[in-house]
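A.B. asks: Chains as they are written, first to last, in our numbering: chain A, 1 to 113; chain B, 1 to 115.
Wrong hints could be hidden among the right ones.
[What the hints assert, rightly or not] Below, a list of computed lysine-lysine pairs in the DSS-like style, where the Cα atoms sit at most 27 Å apart: (1) B/Lys-20 to B/Lys-64; (2) A/Lys-68 to A/Lys-57; (3) B/Lys-66 to B/Lys-41; (4) B/Lys-41 to B/Lys-55; (5) B/Lys-20 to A/Lys-81; (6) B/Lys-20 to A/Lys-76.
By construction, these hints were calculated from the structure, which means they are not laboratory data.
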Amino acid sequence: GQNIDQPTEMTATEGAIVQINCTYQTSGFNGLFWYQQHAGEAPTFLSYNVLDGLEEKGRFSSFLSRSKGYSYLLLKELQMKDSASYLCAVRAYASGGSYIPTFGRGTSLIVHP
Amino acid sequence: GAVVSQHPSWVICKSGTSVKIECRSLDFQATTMFWYRQFPKQSLMLMATSNEGSKATYEQGVEKDKFLINHASLTLSTLTVTSAHPEDSSFYICSAASTEVATAFFGQGTRLTVV
């Protein structure tokens, strides 16, 4: 099975930078995803890392270290609309050649003025 | 980007009735479909994984006779909640994936309320 751990809740100030960490334990690792989810809506894809290093995409960046089983999502220039849940998901090979993404519990980010 | 359409977006049904939720991949062939359930303030929980043309694989604790999954084509999967009860009220989300795309794409979700 897989074990994914991320903080339950974080708060930050508008305009600031926040880093959301995710640690995981899995076998057959095949990629790590970050999703943003507003209450009552489906998750929206933010980033995908399969190799070590930093992937930058506008205000959002995602980092992966496979040897440490660690990733983080970095949000810069925070805006009020960034208040949402951020889900870390790990994809791993399953029997039969398919892959299964497993989600962490999500981190609820609250951005205040 | 790839689009996954889920229908209906919300449904209210009486206890004991069945509800069918459809999930369609509109511009790619989804070899694998995932069905999730999410209770308020909780994370997505995988219910089952289905590959086109084969029986779905259910997660532990999910009743396969209650949550019927059909994945008859590469663009359509359905989840039928049979004999629904109030405790089945939840947000159900499908996700479609294939070897063509690096990530999985989500449908809009279905808010099911059983009264």
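A.B. asks: Work down the list of hints and note, for each, if the structure agrees.
C.D. replies: Cross-check of the supplied hints:
1. B/Lys-20 to B/Lys-64: Since the Cα atoms of B/Lys-20 and B/Lys-64 sit roughly 14 Å apart, the hinted pair holds (cutoff 27 Å).
2. A/Lys-68 to A/Lys-57: With a Cα-Cα distance of about 23 Å, the restraint between A/Lys-68 and A/Lys-57 holds, given a limit of 27 Å.
3. B/Lys-66 to B/Lys-41: holds, 24 Å
4. B/Lys-41 to B/Lys-55: Outside the cut-off at roughly 31 Å; violated.
5. B/Lys-20 to A/Lys-81: violated, 33 Å
6. B/Lys-20 to A/Lys-76: violated, 41 Å
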